[in-house]
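Undergrad: Here's the letter readout for the chains.
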Amino acid sequence: MTSRLTLVAVLAPAVAFAFAFFLLPLGQLVLIGASGEEGLASYWRVVSDTLYLTSLANTVLLAGGVTLATLTIAAVVGPFLAQNRFFGRSLLVALLTFPLAFPGVVVGFLVILTAGRQGLINEISRWLTGDRLVFAYSLAGLFFGYLYFSIPRVVLTVMAAADKLDRATIEAARSLGASPLAVARDVVLPALKPAFIASGAICFATAMGAFGTAFTLATDITVLPMTIYTEFTLGANLSMAAALSVFLGLVTWLVLLAARRSAGATVAAAG
Amino acid sequence: MQRRWPFFLSLAACLVVAAFLIVPMVLSILAGISENFAHGLQDGVTLRWVGEVWRLYADTIFLSLQIALATLVATILLGVPTAYGLARAPGGVARVIEEALVLPLAVPGLAIALALIVTYGGVTGFRQSWLFILTGHVIFTLPFMVRAVLAVMLSSNLRVLEEGAASLGAGPFTRFLTVVVPNAAPGILAGALMVVTLSIGEFNLTWMLATPRTKTLPIGLADSYASMRLEIASAYTLVFFVMAVPLLLALQRWADPRRQKRRRPVAAEAVR
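First to last, the sequence lines map onto chains C and R.
To get this note's numbering, take the position in the first sequence, counting from 1, and add 676.
To get this note's numbering, take the position in the second sequence, counting from 1, and add 691.
Extracted from the complex, chain C is given alone in its bound form (with noise of 0.2 Å):
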């Protein structure tokens, strides 16, 4: 019914906008990754140069540690909420949920305000045995920071997942004397892998691109978008600063394909 042009009219603006803005800008950061000194090398010193080297290691680690974190806590916090009605529950998800979307430079700052120098956490310290005890300009402040960004988006979709669970089933495994454990192991777990590898892949690839919490930390571990924006402006090292990012989005693009396509089996091998 739907004619083709009225297709055509319909689609055209924004195909035009993303290629404009957005296609043709990223082949040519493509084209800049290999037009340094060494050409394409520029691509092959990512993974072989200690520096950038470190940094991606640096990267990898803190994201898939701050993945496994977040996955841990949603599959307590998901299934529970989603599963239980009890007074200040609605509050309760409010407060989980609330963090969605802030900026990481806030995050950051509220890493300082917590364990900060002047911090909470310090001033408790002080309180408590003497020792001052501050982190938030370490690996552990980073990975407090991606944990805090990371917790509510993957506990909404797990949670969202967990609400379209088969009632029938648990009651069923309950019933035949299941222990809650037993449920949780054998039941529910099992049947949010779907969201916990969904929800997993956007966690770690939102954390391996993360720049505002490392920017306004200022970390003396660096971590691969801190070391693609010291390549771009201290370093002024254009080709560099751009084959990096060419290989960092080429990563997180692949971690939520692959997601995507075991997650998509999971679910066609579940029905």
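No lab work stands behind these hints: they were computed from the structure.
Check before you lean on any hint, since a few could be wrong.
What the hints assert, rightly or not - If you anchor each label on the Cβ, the simulated ranges turn out as follows:
#1 R/Trp-696 with C/Thr-906: 49 to 57 Å
#2 C/Arg-802 with R/Val-814: 53 to 61 Å
#3 R/Val-851 with C/Ala-816: 55 to 63 Å
To be verified - Partial pick of chain C residues on the chain R-facing surface, computed with a CB cut under 8 Å:
#4 Thr-678
#5 Ser-679
#6 Leu-687
#7 Phe-819
Built from N, CA and C at the ideal position, the CB exists for glycine as well.
With chain C held as given, fit chain R onto it using these hints.
TA: Coordinates of chain R only, in the frame set by chain C:
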């Protein structure tokens, strides 16, 4: 059913996680309204720092609002027709176009910004105006609008309604404005809230795209974190909370997919 120990254990875990998320926010709010953060609230409560923020950074607040509204207009104008097209186009074509349009979600903001700079950085008039930031924000938020609207268009029986309108003689343009858009309203609302919230808080892209004359709120925040006393930085963060929190609450209220399913689409009422 009687509550047992796993219930209370899980509840305790939830409370710990909620505290982890909320306590830093409370600290920041307190620091923003206290005379001297080092003394806690002993020296009294003041709005002096908020006033100071207004004096120093009011322009960043207005620029952020301006860019958020412009981003909203642009994503509606581009996104709603696109979602309609994707719902109607043959599967293969729609898949390819959708993939290209949502690709910015999979690429870190820093890389998108760098790509824009290497391509259009030479166009000085564009590079130095707020339109440069706007472009970045539209690229980044368009996928959210398209997805939110597409979800509603695919779920409501829009096709039947449109055929009805067509059989009564309505042309494509009339059908789009009087049948498609009103029925997609819940999706547009959800997408709009998401777009505005993301635009107001966007930093990763904006930090690279901004110039000293085009600073948005998050850019000003980063600036104040690096160079201002803790109370001013906190008061500025408080201003951000005041702007973002109503949006986040509205997002929880209206963009919740579960709620959306329960609400009967406008289409359902019209057909029956």
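Undergrad: Take the hints in turn and mark each one as holding or not.
TA: Outcome of the hint check:
For R/Trp-696 paired with C/Thr-906, a C-beta distance near 51 Å keeps the hint of 49 to 57 Å intact. Our hint of 53 to 61 Å for C/Arg-802 and R/Val-814 holds, since their Cβ atoms are close to 54 Å apart. The hinted range of 55 to 63 Å is satisfied by R/Val-851 and C/Ala-816, whose Cβ atoms lie roughly 57 Å apart. The beta carbon of C/Thr-678 comes within 4 Å of a beta carbon in chain R, closer than 8 Å, and the hint placing it at the interface holds.
Of the supplied interface hints, the one on C/Ser-679 holds, with its beta-carbon coming within about 7 Å of a beta-carbon of chain R, less than 8 Å. Look at C/Leu-687: its Cβ gets to within about 4 Å of chain R, closer than 8 Å, so that hint holds up. Interface restraint check: C/Phe-819 against chain R, minimum CB-CB distance 12 Å, threshold 8 Å, status violated.
In the structure shown, a violation is registered for the earlier hint numbered 7 alone.
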